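Asks: Here our numbering is used: the first residue of the sequence shown is 36, the next is one more, and so on.
Just so you know, the hints here were simulated from the structure itself, not pulled from any lab data.
These numbers were taken from a predicted model, which means no experiment stands behind them.
Every residue, glycine too, gets a C-beta built ideally from N, C-alpha and C.
One or more hints might be untrue.
Cβ-Cβ distance ranges computed for the label pairs, FRET-style [what the hints assert, rightly or not]:
#1 375 <-> 157: 27 to 33 Å
#2 207 <-> 325: 42 to 48 Å
#3 368 <-> 167: 32 to 38 Å
#4 114 <-> 159: 51 to 57 Å
Here are the simulated lysine to any residue pairs, SDA-like style, with alpha carbons at most 20 Å apart [to be verified]:
#5 272 <-> 209
#6 207 <-> 272
#7 272 <-> 232
#8 207 <-> 125
#9 207 <-> 193
#10 272 <-> 229
#11 207 <-> 158
#12 207 <-> 177
#13 207 <-> 156
#14 272 <-> 300
#15 207 <-> 265
#16 207 <-> 245
#17 272 <-> 180
#18 207 <-> 179
#19 207 <-> 232
#20 207 <-> 184
#21 207 <-> 229
#22 207 <-> 269
#23 207 <-> 242
#24 207 <-> 180
#25 207 <-> 186
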Amino acid sequence: MSVVASKDELRHFPLPRLEIAVAGFALALLAGALAADQAWFDRHFLPIFAVRRPVMIAAEQGLRGFVILAATMLLLIRRPIARLLSRASAGGTLRVILAGALALGTAELVLRVHPLRPHDADPFELEPRRQPDPRLGWRFVPSRFVVAREAGRAVSYSFDAAGDRVAAPGAKVDAARPTLIFTGESIVAGFGLAWEETIPAQAGAALGIQSANLAVSDYSNDQSTLRLAAELPRFQKPAAVVTLFMPSLLDRNLLTNRPRRGPGLVWHAPEQQLRLAALLRWLVPYRSAATIDEGIMRTRDSLGALVQLACMRGAQPLIVVPQFGEASPQEDALRRRVLDERGLPYVVIRLDPAWHLPGDAHPDARGARAIAAAVVARLRQGGAASASRGACAHRLHSAALRCHASRGGQAGNFISNTCLTKS
């Protein structure tokens, strides 16, 4: 009988040890949840463009409260849970683990049936359609016209042979004329807006200069800079290069599932990741402090490279930072670390929180008009402040370019257009 009993003990987990394990797990959860205050969430969860900060805070604190409640319940009922677990044999537990592993593997294979693209990007089939690009990741389908239903109204999109958005089918950008060049993502591309309502169209009309819209939906700052580097040589008289940065879009710059620039601005192909892991990171966008620091440095380098490209061609560089309502301390800190610490030329545009498309976070025509007006004012100020844009280009050398700011003591003031190299 003693031999049979020892075998039975080996097949099952001891009750006291299980109770200690359950209590330890519950205490670890409770300690972690109590330590995870709002400052911790702000350090590890970046702002999300489509989610307002009050909603994010409510979700984060709701998650924290749920974990605290779950940990407390585990402590209170640890004995019944341990008793239930003690009835499971080692063989049965292994079978459950094996079944779970097979289920995860099957889910991974099912997810891989779909076309490979970043988990955070919209499907390429959505209008305006995009197509894969080996160097940039994707771009708009060239030489195409479509009318799509966006935010409750019909919006027409036209693209030329280069995949740039243009005013109408058959319209072309004359590369020999002075041109305002815009690069960026869906806000600059004019998602949900008619051509004449877009930021590039309004800025060009106000300044009486042709505009070129190189922006593509879902682009990171790296992709925007890569596209500018590829397209800028064909423009003979670039007057200015304008791009967009938002703290709430910084998370895109941390992703490795799209083309990007690494240290030394070396191009890197997208990394092929497990789909389930990518999905989990999308559902729970936790970032370590080291990952965020690396993303900030990559963003600085990418925007600095864009400014350098502009200055090398004698064009005035400008980074626009749209901000719906008041910026949170988290957003302000990210903006300072990316833009101020590198001395990049930018302007913050405060937008009324109501100036967005119905049911969508993108700026509406009023928001685009405010951004375009700030771009026009900034470019006019920069043009009047410098005798020649060549004053920026002639001082470039192999070191990275800096544009030193002359701040008026308040966030969002325009900065000077004096471009200097690193000391």
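Asks: Decide, hint by hint, whether the structure agrees.
Replies: Comparing the hints with the structure gives:
1. 375 <-> 157: 27 to 33 Å: holds, 32 Å
2. 207 <-> 325: 42 to 48 Å: holds, 47 Å
3. 368 <-> 167: 32 to 38 Å: holds, 36 Å
4. 114 <-> 159: 51 to 57 Å: holds, 54 Å
5. 272 <-> 209: holds, 10 Å
6. 207 <-> 272: Holds. Residue 207 to residue 272 sits at ~16 Å (cutoff 20 Å).
7. 272 <-> 232: violated, 24 Å
8. 207 <-> 125: With Cα atoms ~70 Å apart, residue 207 and residue 125 exceed 20 Å; violated.
9. 207 <-> 193: Holds - the C-alpha atoms of residue 193 and residue 207 are around 10 Å apart, at most 20 Å.
10. 272 <-> 229: With a Cα-Cα distance of about 26 Å, the restraint between residue 272 and residue 229 is violated, given a limit of 20 Å.
11. 207 <-> 158: With a Cα-Cα distance of about 27 Å, the restraint between residue 207 and residue 158 is violated, given a limit of 20 Å.
12. 207 <-> 177: holds, 12 Å
13. 207 <-> 156: Cα-Cα ~28 Å, so violated.
14. 272 <-> 300: Measuring from Cα to Cα gives roughly 25 Å; hence the hint is violated.
15. 207 <-> 265: holds, 18 Å
16. 207 <-> 245: holds, 11 Å
17. 272 <-> 180: Between residue 272 and residue 180 the Cα gap is close to 28 Å, so the pair fails against 20 Å, i.e. violated.
18. 207 <-> 179: With Cα atoms ~12 Å apart, residue 207 and residue 179 stay inside 20 Å; holds.
19. 207 <-> 232: Answer holds: residue 207 to residue 232 is near 18 Å, not above 20 Å.
20. 207 <-> 184: Violated, because 25 Å separates the two Cα atoms, which is more than 20 Å.
21. 207 <-> 229: holds, 17 Å
22. 207 <-> 269: Holds. Residue 207 to residue 269 sits at ~13 Å (cutoff 20 Å).
23. 207 <-> 242: holds, 19 Å
24. 207 <-> 180: The given pair, whose Cα atoms are some 13 Å apart, holds under the 20 Å limit.
25. 207 <-> 186: This hinted pair is violated, its Cα atoms lying about 28 Å apart.
Violated hints, in rising order: 7, 8, 10, 11, 13, 14, 17, 20 and 25; the structure is consistent with all others.
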